[in-house]
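Visitor: Same order as they appear, the protein sequences are chains U and S. Going by this note's numbering, the first residue of the first sequence is number 72, and it counts up by one from there. Going by this note's numbering, the first residue of the second sequence is number 121, and it counts up by one from there.
Since the hints were made in silico from the structure, they are not lab data. Just to be clear, a hint being listed does not mean it is correct.
[To be verified] What follows is a set of in silico ranges between Cβ atoms, one per label pair, in the way DEER data are often shown: (1) S:I134 - U:V358: 43 to 53 angstroms; (2) S:M148 - U:K137: 28 to 38 angstroms; (3) S:R153 - U:W375: 17 to 27 angstroms; (4) S:L196 - U:F353: 52 to 62 angstroms.
Here the structure is a predicted model, which means the values were calculated and not measured. Glycine residues also receive a C-beta, built at the ideal position from the N, C-alpha and C atoms.
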Amino acid sequence: MDWLNLIVFPILRTVVLFLVLLTGFAYLTWFERKLLARFHVRYGPNRAGKFGLLQPVADAVKAMFKEEIVPSHVDKPIYLVAPALALIPALIIWAVIPVAKDTPAIADVGIGFLWILAVAGLESYGLILAGWSSNNNYSLLGALRSSAQMISYELPLGLFLVSILILAGSFSLVELVDNPRAWWEWLWLWVAFPFFFICILAETNRSPFDLPETENELVAGYQTEYGGIKFSLFYMAEYINMITTSAIMATLFFGGWRGPFAEEIVWLGPVYLFIKVVVLLFLFVWVRASISRPRYDQLMRFGWKFLLPVGIVYMAITAVLAVLLK
Amino acid sequence: MPIEIPIPTVTQVIFLVMALFTAACGLMVVISRNLFHSALFLVGALFGVAAIFVLLEAEFLAVGQVLVYIGAIATLIVFAIMLTRGMMRGRTSPMNHVSGRGALGALVFFVALLAFLKKVPWPEQAQAIPVDESLIAGLGDKFVTTYVVAFEAVGLLLMVALIGAVMLARDR
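The task is simple: from the sequences and hints, build the whole structure.
Guide: This is the structure in structure tokens:
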């Protein structure tokens, strides 16, 4: 029956994926708090459950039962839609990421790369709308900063993606992982990884690029006027974005689901992907614990005067290498 | 005499919904009294067009639409409004002194489109269209062979615009 393949299975996959991501979000907050505590020589959450494992549950319950406050001076429809808009791109980008051999999360479209770029372009909308509709100067400033930052860092990000695309020679992420790569391709890819990671940090508004919400100058940036579950949605968007971008980096730079025996035993694929994602998430937290926030002009100068030229040069060299060696 | 009611297929229903959504958004862009809302309805209309591209199995065009129009151009518009208008006070009238000429222009454009629709010999049967990969490769090929002059001219134009913008914006 075509019905099954067209509608039922994709919906089932989507539901499973969302459940996994939302659980992942909850435990990522725990993971980050625990790790940060270790970096700071503290204990971190340790009251709710063993090792504080029930802390995310308690936080979720608290957020859900908080009073829904909509300030009277906001533009109501946009104010309410903005948190959802912030969350959606982080979730739908997963559709094209391969989780096991020949198996994408939802669909193997022939334009996986462009899908990632396009959805990344949508991510700034949630923040812009939140900042504008809040009708608050701090919110607006935060939103302006975040959108400027995201637009600026999307350029080098796109250039590095194009370089990877030139090497892969295929728009599909499933094929990217399936096709074997030569050793020099891996080496050349890893050269780009630090730069790519910096762009990702800026794209996800993570520390040290968390200028949109710098709590000591902008209160909390675009999310100042939000509370309860609406605030949690922004929080969720940020953390699910971390998971998503980690999965993308694992797929692009570290072979995604690949690992010993992953070809024969299919269920090992998601396990390897999970391990790689956790390692990359650790990197996110490690950076947050170690590096302080730059000033806004430093951030912009770094993006435009350093990362962008590096991206262009990298792309040019990649094209030459691909023509000469492939 | 029984009246025959055409039962639309699923595809047609989806098309109708998306087309109506796009048209409604387009209308709201023009009649909305708040410039920021207009910009957001424009994003909605662009999304509707992208959805119709998906329906026609032109995924590349759909993603291109989202990437270029929604991700870049509409963001720029929203950004410009946020930077220049008073935040919530931006009430604008949809009418101004050139509305008559605007309507005339729109009418002429509409007639031209209609004439175009009549004129083009639409093929009855769709030809085999190269899918995805070969389509994108073919597109790239055309850019550096048949249309290389136009491609370079556009590049030059953008370069000039970029330099002009920098000249206007720099500190004097």
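Visitor: It remains to establish, for every hint, whether it holds in the given structure.
Guide: Cross-check of the supplied hints:
S:I134 and U:V358 have their C-beta atoms about 44 angstroms apart, which keeps the hinted 43 to 53 angstroms range intact. For S:M148 and U:K137, the hinted distance range of 28 to 38 angstroms is satisfied, since their beta carbons lie about 33 angstroms from each other. Separated by about 37 angstroms at the C-beta atoms, S:R153 and U:W375 break the suggested range of 17 to 27 angstroms. The hinted window of 52 to 62 angstroms between S:L196 and U:F353 is violated, with their beta carbons roughly 36 angstroms apart.
Violated hints for the displayed structure, listed by number in ascending order: 3, 4.
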